[in-house]
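Chains as they are written, first to last, in my numbering: chain A, 63 to 411; chain B, 13 to 79; chain C, 6 to 247.
A couple of the hints might just be wrong.
[As the list claims (entries may be wrong)] Derived lysine-lysine pairs resembling DSSO-like cross-links, with alpha carbons at most 30 angstroms apart: (1) C:Lys-8 <-> B:Lys-43; (2) A:Lys-359 <-> A:Lys-409; (3) A:Lys-272 <-> B:Lys-22; (4) B:Lys-15 <-> C:Lys-227; (5) B:Lys-35 <-> C:Lys-234.
[Unchecked claim] Just the calculated beta-carbon pair ranges, DEER-fashion: (6) C:Ile-151 <-> A:Gly-371: 46 to 52 angstroms; (7) A:Leu-286 <-> B:Lys-40: 19 to 25 angstroms; (8) C:Asn-115 <-> A:Pro-173: 29 to 35 angstroms; (9) A:Arg-322 <-> C:Ile-105: 38 to 44 angstroms; (10) B:Lys-39 <-> C:His-22: 24 to 30 angstroms.
In case anyone wonders, no lab produced these hints; they're calculated from the structure. Just so you know, even glycine gets a beta-carbon here, dropped at the ideal spot from N, CA and C.
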Amino acid sequence: MVKKRILISGNEAIAEGAIQAGCNFYAGYPITPQNELIAYMAKYMPLSGGVFIQAESELAAINMVYGASAAGARAMTSSSSPGISLKQEGISYISGSQLPAVIVNIMRGGPGLGNIAPAQSDYFQATRGGGHGDYHLIVLAPASVQEAYDLTQTGFYLADKYRIAVMILGDGILGQMMEPLKLSVGKIKAPILKPWALTGCKGRKPNIVKSFFLREGDLEKFNLKLQKNYEIIRKKEARYEGLLLDDAKVILVAYGTMARIAKSALNKLRLAGKKVGLIRPISLWPFPEKAFQPINKKVKYLVVEMSYGQMVEDVRLAVNGYAQVDFLGRSGGGIPSEDEIITRVDKLI
Amino acid sequence: MAKIKINQDKCKGCFLCMSFCPKGLIKKSVKLNKRGLNFVEFDSAGDCIGCMQCALICPDCCIEVYK
Amino acid sequence: MEKIFAHPEALYDLTTHYCPGCGHGIAHRLVAEVVDELGIREKTIGIAPVGCAVVAYDYWKFDCSEAAHGRALAVATAIKRVRPQNIVFTYQGDGDLAAIGTNETIHAANRGENLTVIFINNAVYGMTGGQMAPTTLLGQKTSTTINGRQREKHGYPLKISEILALLPGVCYVERVSFHSPQGVLRAKQAIKQGFKNQMDNLGFSLIEVLSPCPTYWGLSPKGSLDWIKDVMQKEFPLGRIK
Numbered sequence: 063m064v065k066k067r068i069l070i071s072g073n074e075a076i077a078e079g080a081i082q083a084g085c086n087f088y089a090g091y092p093i094t095p096q097n098e099l100i101a102y103m104a105k106y107m108p109l110s111g112g113v114f115i116q117a118e119s120e121l122a123a124i125n126m127v128y129g130a131s132a133a134g135a136r137a138m139t140s141s142s143s144p145g146i147s148l149k150q151e152g153i154s155y156i157s158g159s160q161l162p163a164v165i166v167n168i169m170r171g172g173p174g175l176g177n178i179a180p181a182q183s184d185y186f187q188a189t190r191g192g193g194h195g196d197y198h199l200i201v202l203a204p205a206s207v208q209e210a211y212d213l214t215q216t217g218f219y220l221a222d223k224y225r226i227a228v229m230i231l232g233d234g235i236l237g238q239m240m241e242p243l244k245l246s247v248g249k250i251k252a253p254i255l256k257p258w259a260l261t262g263c264k265g266r267k268p269n270i271v272k273s274f275f276l277r278e279g280d281l282e283k284f285n286l287k288l289q290k291n292y293e294i295i296r297k298k299e300a301r302y303e304g305l306l307l308d309d310a311k312v313i314l315v316a317y318g319t320m321a322r323i324a325k326s327a328l329n330k331l332r333l334a335g336k337k338v339g340l341i342r343p344i345s346l347w348p349f350p351e352k353a354f355q356p357i358n359k360k361v362k363y364l365v366v367e368m369s370y371g372q373m374v375e376d377v378r379l380a381v382n383g384y385a386q387v388d389f390l391g392r393s394g395g396g397i398p399s400e401d402e403i404i405t406r407v408d409k410l411i
Numbered sequence: 013m014a015k016i017k018i019n020q021d022k023c024k025g026c027f028l029c030m031s032f033c034p035k036g037l038i039k040k041s042v043k044l045n046k047r048g049l050n051f052v053e054f055d056s057a058g059d060c061i062g063c064m065q066c067a068l069i070c071p072d073c074c075i076e077v078y079k
Numbered sequence: 006m007e008k009i010f011a012h013p014e015a016l017y018d019l020t021t022h023y024c025p026g027c028g029h030g031i032a033h034r035l036v037a038e039v040v041d042e043l044g045i046r047e048k049t050i051g052i053a054p055v056g057c058a059v060v061a062y063d064y065w066k067f068d069c070s071e072a073a074h075g076r077a078l079a080v081a082t083a084i085k086r087v088r089p090q091n092i093v094f095t096y097q098g099d100g101d102l103a104a105i106g107t108n109e110t111i112h113a114a115n116r117g118e119n120l121t122v123i124f125i126n127n128a129v130y131g132m133t134g135g136q137m138a139p140t141t142l143l144g145q146k147t148s149t150t151i152n153g154r155q156r157e158k159h160g161y162p163l164k165i166s167e168i169l170a171l172l173p174g175v176c177y178v179e180r181v182s183f184h185s186p187q188g189v190l191r192a193k194q195a196i197k198q199g200f201k202n203q204m205d206n207l208g209f210s211l212i213e214v215l216s217p218c219p220t221y222w223g224l225s226p227k228g229s230l231d232w233i234k235d236v237m238q239k240e241f242p243l244g245r246i247k
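The following block holds chain A by itself, in its conformation from the complex (with noise of 0.2 angstroms):
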């Protein structure tokens, strides 16, 4: 009998939702704390009939999804934050050529070697860029177990939808902790047709998957091409949790698991009766400007990372001035606490 409901971690649970959307190859490089997703895609993916490397370093992998991708397979690749710094140029090229492609980057302390604890410092690297040129990925950051397996089964979807490379945000907790998950078993949502894959030229004229465009004025063409996708991107696909906001004096920003330790502290603070609430970006890009809207004028913003400040950068750009906003942070592997939260809302309200 298939389990419904299973308890699993967050990094299997990832590898797990992947199989479920279809995904048939997978190409990583061991590294602490996303191994296990990495184990798991070496037990399973190839019980599902997919392919599974493991590739002589992030770049090799990063450059097998691009391959991959370009055959027409649903691609993915795991890594977490010095192994995403090695895939940029891989990103890059993914991303000019149009390819869809998921990459998961379960975040640790940085920068450098940093260490294997759980940190929010790559939140630029996934949203500015990290490689070269005028690109985006959609971003989408998992606050849960049963929220990684999903996002990610969306992230092919939309993968293949806009042809983007789509980047599932976790960090060192959320890929190591283990909660229930039920499983979305039969949800497959079937391979969108790719008549531009590499698949052989029978039948029709070659394809060619590249990203180059020598030629006066091509390369520009090609790039508006691009920035017109984002447009439409950034109208349909931005995603947040919003909780308390219409009398909320002081609001927190936070995502992925720092927005559950902000969560305990909201539950906490409105428990004391102070006006506070949340709003919890799902996807990073788009950046879900709307939730910023003004409700409230007299509204203080307390943005919460494990990071020295990198949404908060994208919050004021939303707020535009209209409000206040505050920023409380720690890394390399620190994490804000809640009484860190309450603390600092009581000094804002």
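Position chains B and C relative to chain A; hints supplied.
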């Protein structure tokens, strides 16, 4: 009895074919082609043996050989 | 009279951007001829390098992909694993295969990927203005070895083919050269063998082609072919290595 046909507009004037023709039937032109280059000309009156060395070495696929 | 040498079907009838006397034109034609003769044009997927041949996909009439510099063998590995029914080959220069791409090259070979690799060795980096390549000869002057390559500063010319031949997953390695029409014919046979090996699922095949770069060798086209015959072949001997 054999002959070659040279696509003179595609010719880039590298003259490799000329170096390898065992019968010396390929000569450098005096005129310039559309690319502004001296190209190669075939002496159709000569005794071409259809060895294909010219076509094999031509980097621009300018030569067809008939036998 | 019968046409005994014609323009191959798998090659577009275009004027290429390559310099007069460049080996790429010959190599592209040989690949096209082999693909035609083996009847695999509709199954073939080629991966172009970064280098002068970056736009090789504009000249071949089959599916092609670009790859980031040096990464062609990672890209090819994935395409072949996802679509084993296709014939997948890479076409790479000395920088692509043996400098920046060395890791991807060695590991694809070590995994014994069922791929065909055409390695164009012209001992210099052409596209970027004639810099030293891993295969530049000792004493050879390039724009980054203005006094000639010196072993103390620059190391030795890299014999990547000999290195790869050590790997059990590699089934065929041959070095050929374009120094003459006979050389071109032997090169074609080797390339054909490389594709046939893939069709027979025999593993990794590598054909290294000593190819002329008259522009950055500072020689005439014929002079370049002579340099290959008289000098380059002494450092890079021809023949079947594995």
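These are the hints, each one checked on the structure:
1. C:Lys-8 <-> B:Lys-43: holds, 28 angstroms
2. A:Lys-359 <-> A:Lys-409: holds, 19 angstroms
3. A:Lys-272 <-> B:Lys-22: holds, 27 angstroms
4. B:Lys-15 <-> C:Lys-227: holds, 23 angstroms
5. B:Lys-35 <-> C:Lys-234: holds, 22 angstroms
6. C:Ile-151 <-> A:Gly-371: 46 to 52 angstroms: Once the Cβ atoms are compared, 48 angstroms apart, the range 46 to 52 angstroms for Gly-371 of chain A and Ile-151 of chain C holds.
7. A:Leu-286 <-> B:Lys-40: 19 to 25 angstroms: violated, 48 angstroms
8. C:Asn-115 <-> A:Pro-173: 29 to 35 angstroms: holds, 32 angstroms
9. A:Arg-322 <-> C:Ile-105: 38 to 44 angstroms: Holds: the Cβ-Cβ distance is about 43 angstroms, inside 38 to 44 angstroms.
10. B:Lys-39 <-> C:His-22: 24 to 30 angstroms: Given about 27 angstroms between the Cβ atoms, the range holds.
This entry does not satisfy hint 7, going by the numbered hints stated previously; all others are met.
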